[in-house]
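Peer 1: Take these sequences, add in the hints, and give me the full structure.
Residue numbers (the working numbering), protein chains in the order written: chain U, 1 to 191; chain V, 192 to 357.
Simulated from the structure, these hints should not be mistaken for lab results.
All residues carry an ideal CB built from backbone N, CA and C; glycine is no exception.
A couple of the hints might just be wrong.
Among the chain V residues that face chain U by a calculated CB cut under 8 Å, a handful are [claimed, not checked]:
| # | residue |
| --- | --- |
| 1 | Thr199 |
| 2 | Glu203 |
| 3 | Tyr209 |
| 4 | Ser211 |
| 5 | Ile237 |
| 6 | Leu263 |
| 7 | Arg265 |
| 8 | Arg279 |
| 9 | Thr281 |
Derived coverage of chain U by chain V (criterion: at least 3 residues anywhere in the stretch with Cβ under 8 Å from a Cβ of chain V; other residues may be distant) [stated by the list, open to error]:
| # | region |
| --- | --- |
| 10 | 69-76 |
| 11 | 83-97 |
| 12 | 109-120 |
| 13 | 150-160 |
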Amino acid sequence: MAAAGRGGVLWRQAAGWLWAARAAAAAPPGARAASGLTKDQLPGPYPRTAEERAAAAKKYNMRVEDYQPYPDDGFGYGDYPMLPNKSVHERDPWYQWDQPDMRRNWGEPMHWDFDMYIRNRVDTSPTPVPWHTMRNHFLIFLGTMLVMFALGEIYPSYRPVGPKQYPFNDLYLEKGGDPNKEPPVVTHYKI
Amino acid sequence: MASKPTRTAAEEYRPNRYVSLPAELDPATYDTSPEKRRAEAERLAIRARLKRQYLLQLNNPKPPAVIEDPALLRWDYARTHNVYPTFRPTPKTSFLGAVFGIGPILFWMAVFKTERDYREKLTQEDKWRLGFSAPLHSNKTHKDQTYCGSKAAGRCCWQPPIVGGI
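Peer 2: Shown next, in the form of structure tokens:
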């Protein structure tokens with residue numbers, strides 16, 4: 001009983017020390033991002049009240065009606081806005097962007113998967129043919145080719161072949177036969 | 192053929208996660224309601240304000256060394272430092288964590304174990320040679336031995352010699 005009671009106190013103490021050590025290792029209290037942004041200008045937790053939503057929309061330079069955070073599923077998004085999943089390919093190539101290679105203006109909220117949607121990577125721009133049509137055509141072609149190749153493996157068909165006929169008594173010397181001995185005579189055909 | 196109602200071009204196109212609807216088929220681009228126009232005007236005002244801030248810094252006779260973009264810093268902070276504080280163990284996150292974190296470890300454990308047990312079994316039956324990544328096959332697989340060049344060796348096909356010990 002006494003040991004269990006003492007063990008309980010020690011367990012709580014150890015958990016407290018571990019928690020403090022982990023918090024200190026992650027970021028010591030008072031540390032700030034190395035930039036001019038204050039804590040209220042950085043992303044934070046999911047906004048619960050309407051005032052928090054308005055403040056978050058203002059922080060991210062968006063209209064309150066446009067601001068839509070990710071659903072609060074505990075996945076770690078916080079109050080970051082959920083922008084439409086459109087890649088940089090779809091943006092106007094002729095507008096004078098502040099950053100032309102990324103087709104982005106200074107201060108514009110970035111998509112969570114921005115690094116996926118750059119012009120070297122994923123492209124969500126509309127296709128001339130609907131996507132489901134392309135998918136069906138591709139799968140039909142791939143399926144047909146795979147079925148035909150599988151059938152060709154199971155039921156091979158080729159012209160009749162015979163064993164290969166090597167000269168010089170079936171390459172007796174080349175295969176390491178004794179040159180002093182008489183090679184066995186191999187006759188492949190008679191004229 | 193007017194039995195079923197005709198579908199709009201947007202419905203025929205069926206945009207999904209991989210392709211967006213073209214602007215020509217999107218009825219929202221042709222909507223000129225006053226609310227939409229006011230929303231566009233507000234967005235333009237925000238864009239103009241940001242553009243002015245940026246150009247003031249850019250065209251400064253003594254510009255700063257680096258023009259910091261707070262949106263970029265917020266994006267970086269959200270993806271790196273803000274994930275752990277806002278994470279919460281829920282049934283969905285716990286399930287996904289188990290599937291993607293522990294699942295591959297268990298899978299590869301099973302794969303390696305069965306592969307090595309198979310190789311061990313073949314070694315016991317003397318059908319395995321180290322350094323050769325396929326089991327040895329017997330003479331009976333080729334019907335005609337004149338196909339094979341190693342008649343002198345008494346084997347079916349060329350096999351690497353057994354070097355050294357195990």
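Peer 1: Hint numbers the structure violates, sorted upward?
Peer 2: 1 and 13
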